[in-house]
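**Q** What follows is each chain in one-letter form.
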Amino acid sequence: MMKTYTCRRCRADIPAYIHRELPPRRRRRVHLHLNGCAACYAFYRNLRDVDAELRATMPLIGIADAPQLAQVWRGIQAEMRPQRPAYGHWRMRYSLAMVVLVLAVILPWRFSAEQVRALPTQPTPRVQTDTTEAIVSHVVVMATPDASRDTEPAPLATNDERAETPAIVRNDAPKIIATDTP
Amino acid sequence: MNSPEPTLQETSEAHIAACLRGDQAGYSALYELYASGVYRLCYNLLLNHDDAEDITQDAFVYAFKSLRRYDSAKASFKTWLYTIAICRCRNLYRRNRVPLLDISSLLHNPLAAPKSESPEAAFAHRNAREALEKALGRLQPRLREALVLRYGHGLTYREIAEVMDCPAKTAESRVRLATEALAGMLRPTSEYLLEELLSY
Chain E
1 MMKTYTCRRC RADIPAYIHR ELPPRRRRRV HLHLNGCAAC YAFYRNLRDV
51 DAELRATMPL IGIADAPQLA QVWRGIQAEM RPQRPAYGHW RMRYSLAMVV
101 LVLAVILPWR FSAEQVRALP TQPTPRVQTD TTEAIVSHVV VMATPDASRD
151 TEPAPLATND ERAETPAIVR NDAPKIIATD TP
Chain V
1001 MNSPEPTLQE TSEAHIAACL RGDQAGYSAL YELYASGVYR LCYNLLLNHD
1051 DAEDITQDAF VYAFKSLRRY DSAKASFKTW LYTIAICRCR NLYRRNRVPL
1101 LDISSLLHNP LAAPKSESPE AAFAHRNARE ALEKALGRLQ PRLREALVLR
1151 YGHGLTYREI AEVMDCPAKT AESRVRLATE ALAGMLRPTS EYLLEELLSY
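Chains E and V, in that order, give the protein sequences. Positions 1 to 182 (our numbering) are the ones given, in order, by the first sequence. Positions 1001 to 1200 (our numbering) are the ones given, in order, by the second sequence.
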C-alpha cells in the first residue's frame, strides 16, 4: 500500500496536511512518506513557510480605512435612494412627447380641413327662369339694330303678374342651361 | 444560563429580516458587518483601491436590491455576498485585460505599522506585503481568487467551492497550485527578508 503512495500524490496532499484537513488515515500516510523522503520533506517545509507567511500577511493586504468605507456607504445610499427626480424627468419627457405627437396629428388635419374649404368648389348648376330668359332676349333684341326698329320688346312681367300666372303657363320650370365657370 | 452568542450568519439573517421589513438600519448593520471583508477581497483581486471601492459599492447595491432572492438554505450570506463581489471583479478584469497601475497606492501607504513595531521590522513587513501583492498580481485570476479566499478570508474549501462555483476538490487543487506558484515567486524575497529580519 505504501508503494502506491507516490511523491506526486504526497505533494498533492501536503497543503491539506498543513491545514489539518486530511482524514486521519491519509494524514498518517503523508507523515510516513515525509519521514522517508527528503525531497518531499523539503517541499513540505517550503510550502509550510509560504503558508505561514500567507496567513500572516494576506489579511493585512487591502485593509480599508474608515473614510474609504464611509465614502462607499455614501455611494450605496445614493444608489439605493428612490430616484424620484429621474422618474419625474422621464415622465415629463414622455408627456412632452405625447403632446408633440398629438399636435403632429391634429395640426395637419386642421390645416388640411381649412385648405379644403378654401379650394374652388364644384360649380352649382344655375336655374334659369323665364325672367332671366326674358332679360336675355330683351338684351339680345336691344343689341340687334333691325329688330329694335321693327318690334318693340315685350315689357317685363312684374312680380305680381308672375305670381298669378301658373308655372306651366309661364313656362317657369327650371332649366339647367349653363354652368358658371370659376 | 446565558444563551449562546449568535453566529455571524444568525446576526446577518436578523438584519436581512429587518431590511425586508423596511427597516433602514438593517442595511447599515449589514454593511458594517461585511464592508471591510468585501473591500479587502476586491482589493486583493484587483490590486487597485479605486476599482475595489467601485466594486464594493456595486456588490452591496446589488445584494441589497436582491435581498428577497437570497436563500439562507443554499449558502451563507457571506459566501453569497462574496460570490457577487467576485463576479463583478471578474467582469472588471475581463474588461481591463491590461493591469492598471494604482497611483493612489504610490502616493500613500494606507497600512500604518503597529506602534509596537520597530521601524526596521515595519519596513520589512511592508516589503513582504508589497512582494506578496506583486506575486498575487502575477497569478492566474482563478488561482488568485482561491488563494485570497483561503488565506485572506479563512474560507473552507467547501465555502471556496460555493463562491467560485466549482467542486470542493477543484477549489482545493486551486489553492494548492496557487500556493506552489507563490512559493516559487516568493522564495528569493522570503529568504532575503528572513535574513534582513534576523539581522535586526
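The set of hints was computed from the structure by calculation and includes no laboratory data. Don't take every hint at face value.
Said to hold, decoys possible - Pairs of lysine to aspartate or glutamate, DMTMM-like flavour, derived with a Cα cap of 25 Å:
hint: 1; chain 1: V; residue 1: Lys1134; chain 2: E; residue 2: Glu21
hint: 2; chain 1: V; residue 1: Lys1169; chain 2: E; residue 2: Asp49
hint: 3; chain 1: V; residue 1: Lys1134; chain 2: E; residue 2: Asp49
hint: 4; chain 1: V; residue 1: Lys1134; chain 2: E; residue 2: Glu79
hint: 5; chain 1: V; residue 1: Lys1169; chain 2: E; residue 2: Glu21
hint: 6; chain 1: V; residue 1: Lys1065; chain 2: V; residue 2: Glu1133
hint: 7; chain 1: V; residue 1: Lys1065; chain 2: V; residue 2: Asp1023
hint: 8; chain 1: V; residue 1: Lys1074; chain 2: V; residue 2: Glu1120
hint: 9; chain 1: V; residue 1: Lys1169; chain 2: V; residue 2: Glu1120
hint: 10; chain 1: V; residue 1: Lys1169; chain 2: V; residue 2: Glu1159
hint: 11; chain 1: V; residue 1: Lys1134; chain 2: V; residue 2: Glu1053
hint: 12; chain 1: V; residue 1: Lys1169; chain 2: E; residue 2: Asp13
hint: 13; chain 1: V; residue 1: Lys1074; chain 2: V; residue 2: Glu1180
hint: 14; chain 1: V; residue 1: Lys1134; chain 2: E; residue 2: Asp51
hint: 15; chain 1: V; residue 1: Lys1074; chain 2: V; residue 2: Asp1051
hint: 16; chain 1: V; residue 1: Lys1074; chain 2: E; residue 2: Asp65
hint: 17; chain 1: V; residue 1: Lys1169; chain 2: E; residue 2: Asp51
hint: 18; chain 1: V; residue 1: Lys1134; chain 2: V; residue 2: Asp1051
hint: 19; chain 1: V; residue 1: Lys1134; chain 2: V; residue 2: Glu1010
hint: 20; chain 1: V; residue 1: Lys1078; chain 2: E; residue 2: Asp49
hint: 21; chain 1: V; residue 1: Lys1065; chain 2: V; residue 2: Glu1159
hint: 22; chain 1: V; residue 1: Lys1078; chain 2: E; residue 2: Asp65
hint: 23; chain 1: V; residue 1: Lys1078; chain 2: V; residue 2: Asp1054
hint: 24; chain 1: V; residue 1: Lys1134; chain 2: V; residue 2: Glu1120
hint: 25; chain 1: V; residue 1: Lys1074; chain 2: V; residue 2: Glu1013
hint: 26; chain 1: V; residue 1: Lys1134; chain 2: E; residue 2: Asp65
hint: 27; chain 1: V; residue 1: Lys1065; chain 2: E; residue 2: Glu79
hint: 28; chain 1: V; residue 1: Lys1074; chain 2: V; residue 2: Glu1133
hint: 29; chain 1: V; residue 1: Lys1078; chain 2: V; residue 2: Glu1005
hint: 30; chain 1: V; residue 1: Lys1078; chain 2: V; residue 2: Glu1120
hint: 31; chain 1: V; residue 1: Lys1134; chain 2: V; residue 2: Asp1054
hint: 32; chain 1: V; residue 1: Lys1065; chain 2: V; residue 2: Asp1165
To be verified - Which stretches of chain E does chain V cover? Using the computed rule of at least three CB atoms under 8 Å from a CB of chain V, they are:
hint: 33; segment: 15-28
hint: 34; segment: 33-41
hint: 35; segment: 67-81
As the list claims (entries may be wrong) - Chain E is faced by these chain V residues, among others (derived, beta-carbon under 10 Å):
hint: 36; residue: Leu1020
hint: 37; residue: Tyr1039
hint: 38; residue: Lys1065
hint: 39; residue: Tyr1151
Remember, it's a predicted structure, so these values are computed and weren't measured experimentally. For every residue, glycine included, the Cβ atom is placed at its ideal position computed from N, Cα and C.
**Q** Each of the hints needs a verdict: does it hold here or not?
**A** Verification of the hints:
1. Lys1134/V <-> Glu21/E: 29 Å, violated
2. Lys1169/V <-> Asp49/E: 23 Å, holds
3. Lys1134/V <-> Asp49/E: 18 Å, holds
4. Lys1134/V <-> Glu79/E: 34 Å, violated
5. Lys1169/V <-> Glu21/E: Holds, at roughly 12 Å.
6. Lys1065/V <-> Glu1133/V: 33 Å, violated
7. Lys1065/V <-> Asp1023/V: Holds - the C-alpha atoms of aspartate 1023/V and lysine 1065/V are around 14 Å apart, at most 25 Å.
8. Lys1074/V <-> Glu1120/V: Violated, at roughly 48 Å.
9. Lys1169/V <-> Glu1120/V: Given pair lysine 1169/V, glutamate 1120/V is violated - Cα atoms ~41 Å apart, limit 25 Å.
10. Lys1169/V <-> Glu1159/V: 12 Å, holds
11. Lys1134/V <-> Glu1053/V: 20 Å, holds
12. Lys1169/V <-> Asp13/E: 11 Å, holds
13. Lys1074/V <-> Glu1180/V: The hint is violated at about 32 Å.
14. Lys1134/V <-> Asp51/E: 17 Å, holds
15. Lys1074/V <-> Asp1051/V: 29 Å, violated
16. Lys1074/V <-> Asp65/E: With a Cα-Cα distance of about 32 Å, the restraint between lysine 1074/V and aspartate 65/E is violated, given a limit of 25 Å.
17. Lys1169/V <-> Asp51/E: Holds. Lysine 1169/V to aspartate 51/E sits at ~19 Å (cutoff 25 Å).
18. Lys1134/V <-> Asp1051/V: Between lysine 1134/V and aspartate 1051/V the Cα gap is close to 17 Å, so the pair holds against 25 Å.
19. Lys1134/V <-> Glu1010/V: 37 Å, violated
20. Lys1078/V <-> Asp49/E: 29 Å, violated
21. Lys1065/V <-> Glu1159/V: Roughly 23 Å between the alpha carbons, so the hint for lysine 1065/V and glutamate 1159/V holds.
22. Lys1078/V <-> Asp65/E: Roughly 21 Å between the alpha carbons, so the hint for lysine 1078/V and aspartate 65/E holds.
23. Lys1078/V <-> Asp1054/V: 19 Å, holds
24. Lys1134/V <-> Glu1120/V: Measuring from Cα to Cα gives roughly 21 Å; hence the hint holds.
25. Lys1074/V <-> Glu1013/V: Satisfied, since the Cα-Cα distance of roughly 13 Å is no more than 25 Å.
26. Lys1134/V <-> Asp65/E: 22 Å, holds
27. Lys1065/V <-> Glu79/E: 10 Å, holds
28. Lys1074/V <-> Glu1133/V: 33 Å, violated
29. Lys1078/V <-> Glu1005/V: 18 Å, holds
30. Lys1078/V <-> Glu1120/V: Violated: lysine 1078/V and glutamate 1120/V sit about 37 Å apart, past 25 Å.
31. Lys1134/V <-> Asp1054/V: Answer holds: lysine 1134/V to aspartate 1054/V is near 22 Å, not above 25 Å.
32. Lys1065/V <-> Asp1165/V: 22 Å, holds
33. 15-28: Holds, because 3 residues of the segment 15-28 of chain E bring their Cβ atoms closer than 8 Å to Cβ atoms of chain V.
34. 33-41: violated (count 0)
35. 67-81: holds (count 9)
36. Leu1020: Constraint on leucine 1020/V not satisfied, violated at 14 Å.
37. Tyr1039: Holds, because the Cβ-Cβ distance from tyrosine 1039/V to chain E comes to roughly 4 Å (cut-off 10 Å).
38. Lys1065: 8 Å, holds
39. Tyr1151: 4 Å, holds
In this structure, the earlier hints numbered 1, 4, 6, 8, 9, 13, 15, 16, 19, 20, 28, 30, 34, 36 are contradicted, and the remaining ones agree with it.
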